[in-house]
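Here is what each chain is made of, one letter per residue.
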Amino acid sequence: MTDAISPSGAFVRSTVIGEQRPPHRVSGPVLWIRENLFSSLLNSVLTLVFVASVLWVLPGLIRFMFITPVWVAESSKDCSADLLKHPVGACWGFVNAHLGYLFYGQYPAVERWRVDIFYALEALGLIWILAPKAPFKPAGLVFFFLIFPIAGFILLSGMTSIGLATVQTHYWGGFLVTIVISTVGIVASLPIGVLLALGRRSKMPISRLVCVIMIEFVRGVPLITVLFMANVMFPLFVPEGWRPDSLLRVLVGVGFFSAAYMAEAVRGGLQAIPRGQYEAAQALGLGYWQMMIKIILPQALKIVIPNIVNNFIGLFKDTTLVAIVGIFDFLRTIQASLSDPNWRSAEMPLAAYLFAAFIYFIFCYGMARYSLSMERRLQTGNRH
Amino acid sequence: MSTQAIPRHESPKVVFYNDPKIRSLFFQFILLAAVIALFWFAYDNTLANLKKRNIAQGFGFWNVEAGFDISQTLISYSAASTYGRAFLVGLLNTLLVSGLSIFFATVIGVIIGVLRLSKNWVVSRLAGFYIELFRNIPLLLVLYFWYGAVLSSLPEPRDSIAIPGDIWLNSRGLLVPRPVILDQFWLVGWSIVLALGVAVAITRYARRRQAETGRRLPAGWLSTLVMIGLPLIVYFAAGQPLGLDLPVKGRFNINGGLNLAPELVAMVVGLSTYTAAFIAEAVRAGVVAVSKGQTEAAHSLGLTDGQTLRLVIMPQALRVIVPPLNSEFLSLTKNSSLGVSIGYPDLVNVFTGTVLNQTGQAVEMVSVTMLVYLSFSLLTSAFMNWFNTRVALVER
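So the sequence lines, in the order shown, correspond to chains A and B.
Residue 176 in the working numbering is what sits at position 176 of the first sequence, and the numbering runs on without skipping anything.
Take any residue in the second sequence, count from 1 to its spot, add 1000: that is its number in the working numbering.
Just so you know, not all the hints are guaranteed correct.
Listed next, with one range per pair, are the computed distances between beta-carbon atoms [to be verified]:
hint, chain 1, residue 1, chain 2, residue 2, range
1, A, A280, B, D1019, 36 to 44 Å
2, A, A139, B, T1389, 16 to 24 Å
3, A, G285, B, N1385, 39 to 47 Å
4, B, K1119, A, A131, 35 to 43 Å
5, A, L141, B, S1300, 49 to 57 Å
Rather than coming from a laboratory, the hints here were simulated on the basis of the structure.
Beta carbons: idealized from backbone N, C-alpha and C, even for Gly.
Use the sequences and the hints to build the structure in full.
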């Protein structure tokens, strides 16, 4: 049969066309580049401008950070381009020389192994409760929220009866304080936040009112003012003899602050639980607390793990604010090292801040990735 | 069929301590008592502590002479002014830095958010890098970076860096032309108000005409023309009543112009670059939330690309974007309190810092500062409620 003109006059093909080669460039890198980088005039210009600016900045930055930096230095003189008679990059020697101070503060050198154990316990606890496949989850929760805080406190501040010398909190500093504040923030804020969220959702008008005022008040003011309140007002609120430790005051402030934000995250989870779950629990004859602890909270908290982790990222970044009320956290110890007369120079801050940004970025970005992966995991878990 | 009376349902006898109503009352009573006891405890101790330390109470300080200087004042202020005046100066400085930063952060954030959405791989990756970088480092570090590493390494005034448009940059900050308002300027001011009114009228008329006859007016172009044209005509007719005091570079120094202190520049640059990352995420999320079917439906109705964006995508995206955007603005305003760390004289720095140190009245100072920020956030949530009811989807 051959192609024919049908009675209506339209062309009808009746033979099969043989296989043909695919049109030119339907796949492969060239097409990808054309479609993604040069699809239009504007796009081409954007690509060229952005690539050019990256090529302009990146080599200098790499040279500054990795090729010509000074790795070991005794003072700012070792990093001075004028004295060395050749251009130098970042003064990593500054970071190297202060490494102990940045990570332990003024914690006595002979006792720093205690801080190391504290870091290790913290890492163990976090991995235990955060890793989705870690075994014995309830034990992990008890460890992180009960055993670890007590053990950590004894370890860091010392207990003479078991042979650990007392180390006062004003010797603590640097990354240690950053970790202590954010850990206390998370350990204290989760239970308080859950209570506040439950109170806000409860049918009892007075408890609802108290919780709403507390949450909205704290969320409406900047953390700095809460810290000022903890620092200058809190000592006035208690009898004169108590004299709360300055780190403790800040911890109380941070705990309150993060509890309010945590409460809102948990409330989101509580609202997402279908009514049927509550009704089913009540039909089984469970009381309020049994219903909450056994049925509602395990589901609600699981949903909001990403939000909780995001809160934690915010808290971790916000710990830098304690410097303003005189606590030596990581960023504050960097500032203090920068004002050391031996190390004072105009180029030093750039290297120091790059290092600080690197440390904060690693931790926050790691947590953000974790939160994202949890979100994906939870989404697939809910799909039927 | 005989009917049988259903026995009256009697509530089972419950011991009083198991009655939910009584329990609820009991627990609320306990809570109330605990809160009151806590406040009483704090109040009592505060009174005793204040008396022991000889600290005054109440708001009598408001009219006392402050006796300290503030580096940047928008209203007239001297060491002889009152604490109340100092409070106002700090508040205005907070509003100034927040307003400027909100403007720049929105501009940068929207640009980065749009770039992040681009199909261009290089562009979207670089925008993503910017967002991830700023979202994962503390704001305080960003401020220290701009203030301590960038602005402090700028040259001395005699080696100032020139920026096109008569702007100079040096270690003492940014020098920009200062507008000098002359006598007839009020005419221009009123012409702007008038132009605004005319533009609104044009838009309304165009909308009504389209609804009645279906014919469209280029209302956007017309109102833009009026908004720019009318003030310009009045400006020249009134004899150009706006002068510019340009900064002029001398041998060692720069004279004239408006000097923006490095603290202000660092705050604005730091706050806007940091918040821009969060705004970019909000913008991206909003545009992604509008489903692709909307674009296709608009195209199949015959709308052009521009119309699709303006009439279909943007109204729906804005509904998603505005709430997080608004809370970013609020948190930017709260974050401006970090000015205290680099010496920018904002409300917290002036009031909770200097005034508190001088008077020692911690309770009053901290409470007043908190109240100011609280009212900001209450205003914001009031606006949000209004906005949400306005844009809420009208469903059957």
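Tested hints:
Between A/A280 and B/D1019 the beta carbon distance is about 24 Å. The supplied range of 36 to 44 Å is therefore violated. The beta-carbon spacing between A/A139 and B/T1389, approximately 49 Å, falls outside the hinted interval of 16 to 24 Å. Between A/G285 and B/N1385 the beta carbon distance is about 40 Å. The supplied range of 39 to 47 Å therefore holds. Under the hint 35 to 43 Å, the C-beta atoms of B/K1119 and A/A131, about 37 Å apart, fit the expected range.
Take A/L141 and B/S1300: their Cβ atoms lie about 54 Å apart, and the range 49 to 57 Å holds.
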